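Guided by the hints, dock chain B with the ligand onto chain A, whose structure is given.
Chain order of the listed sequences is A and B. The letter at position 160 of the first sequence is residue 160 when you use the numbering used here, and the numbering goes up by one with no holes. The letter at position 1 of the second sequence is residue 1 when you use the numbering used here, and the numbering goes up by one with no holes.
The set of hints was computed from the structure by calculation and includes no laboratory data. Treat the numbers as computed from the prediction; the structure is a model and nothing was measured. One or more hints might be untrue.
DMTMM-like cross-link-like pairs, simulated, lysine to aspartate or glutamate; straight-line CA separation at most 25 angstroms [as the list claims (entries may be wrong)]: (1) K9/B / E393/A; (2) K44/A / E150/B; (3) K48/A / E150/B; (4) K156/A / E104/B; (5) K163/B / D56/A.
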Amino acid sequence: MSMTITEKIMAAHAGKDRVSPGELINCRLDLTLANDVTAPVAIKEFSKLGLDHVFDPDRVVLVPDHFTPNKDIKSAELALCVREFARSYSITNYFEVGKMGIEHCLLPEQGLVLPGDMIIGADSHTCTYGALGAFATGVGSTDLAAGMATGECWFKVPESMKFIYHGKMRPWVGGKDLILYTIGDIGVDGALYRAMEFTGEAIQDLSIEGRLTMCNMAIEAGAKNGIIAPDEKTKAYVEKRAKRPYRFYYSDPDAAYAEVKEYDVSRIEPQVAFPHLPENSRPVSEAQGIELDQVVIGSCTNGRIEDLRIAAQIIKGRKVNPRLRVIIIPGTQEIYLQALREGLLEAFVEAGAVVSTPTCGPCLGGHMGILAKGERALSTTNRNFVGRMGHPESEVYLCGPAVAAASAITGMITHPEEVMGGAD
Amino acid sequence: MQIKGRVYKFGDDIDTDQIIPARYMNTYDPAELAAHCMEDADPSFAGRVEPGAVIVAGKNFGCGSSREHAPIAIKAAGVSCVIAPTFARIFYRNAVNIGLPILESPEAAEALKEGDQVEVDLAKGLIKNLTSGGEYHATPFPPFMQGIIEQGGLINYVRERMKDRA
Ligand code: SF4
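So that you can see chain A by itself, here it is in the shape it has in the complex (with noise of 0.2 angstroms):
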């Protein structure tokens, strides 16, 4: 019988030689991953479990990414509690401030998620490392805690949709114009409690920055996880980051999908979300104009390299428009020290925006841009729900960094066409 890469992945780590939708199995785990907001409360159910171990100190991954750089006495408290677990367990991929990042630029980066693997992270959006053909998905805290105790963790085998995206993108569009896209389309749970395969000559072409965009946002439409099948780019990306063996797993021709949906890209424009919900999306043509106070370009969606030097392409040599702010965050230190050096910070700052040191910060309203009632923020990250940024009464449109960096120049959402010139 034919089986999915989700379905493959699974029965792998369940010991099965097959599962299918709907079955509850108890599976392996590869990774744990927490951050100084969930690992907390985890931590506090793990110790109910009266246990001098987790189930592989090398296996267990806790960044401090959300209130860090401590924004206040308590988020120093929760810090704390992070840290003090990570020495008294030898917890070795431990990433104090100055090594960190945010968690789903720096596990890729640093090697620690792999093709085939099988993760759970205490954040919702675990689902980034499908990019790579990995089954990964977030939990809450106390599911978190079993799976440090015990290294399993149950799942229901989710049904897959599969998603072909056709033809070539048009300039300025990527990943994240197409996840956009493809929640507007199918609405915030259009793939509740499945699994979102993305697959098709424009998913070849995007690189594997694109791809954990999109396999980042799959939470968004309410998917357990996202995944891509690994080729020729997944091994350059992680055949020299990998400590350990890994696998690549791919769909059957003829495995079962609930559902297919096709896209032919080259119609798909620049995308922006509308406040409140990612779903609200639409080309950038009909945003036009919209009014700014804040851009932020940053966050577990589009905080890596090639991100930074979309916006750079755009930002370099212009001056930040002096309506707003514009808040650069690099994913991590890796990211940070690259950009130095390819002078993409430098181009930033000039302009007049603001570079932050790698946090979550205004990604979800914890700090480093707070907006104020009746604010109006553009960012590349993935919600825009009531008060994510702020005050209740603020707003958050959502795109990719092309549009983000344009819009930073002209003050008010704009097609980076506008600024850079047509080319088509």
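Relative to chain A, chain B with the ligand alone:
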């Protein structure tokens, strides 16, 4: 387990940022979280919620982040049960794991009105409207999850399993 209380209604796609905004997540103290429960959906909720309250919401309740703070805030606010046509999957797991009863019932979610008094029988998956007399059925938990609930949550369940292994 019998549940009885007043219905508080909410719409579709209530996300975890509305249930407990991230600005309050520098703590995980249940009482502090409860004081801000549902704040960005209805700022008056935490102040007026009665013990035993039943939240009745639209589709995809609890979408968004994985924060367990969301079901913790709801439970600590005194809510006894959440009824919706569908739940976001991480919220669903988290609620089971911390022992907040939730029921998927499209018919109850549609029929129940703000202020109705309801009685819920979790074992049978039966929801009774004491105000208008209606009766609705919910999808019962799969037996595997019932096991977790019977053990009083996932941590107890794991503790038992680890004992067997040792
Ligand atoms: S950048 Fe935003 S979405 Fe990503 S992990 Fe941080 S808070 Fe969550």
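Now for the hints, and whether the structure bears them out:
no., hint, result
1, K9/B / E393/A, "holds, 21 angstroms"
2, K44/A / E150/B, "holds, 21 angstroms"
3, K48/A / E150/B, "holds, 18 angstroms"
4, K156/A / E104/B, "holds, 17 angstroms"
5, K163/B / D56/A, "holds, 19 angstroms"
Going down the numbered hints, you'll see the structure goes against none, and every one checks out.
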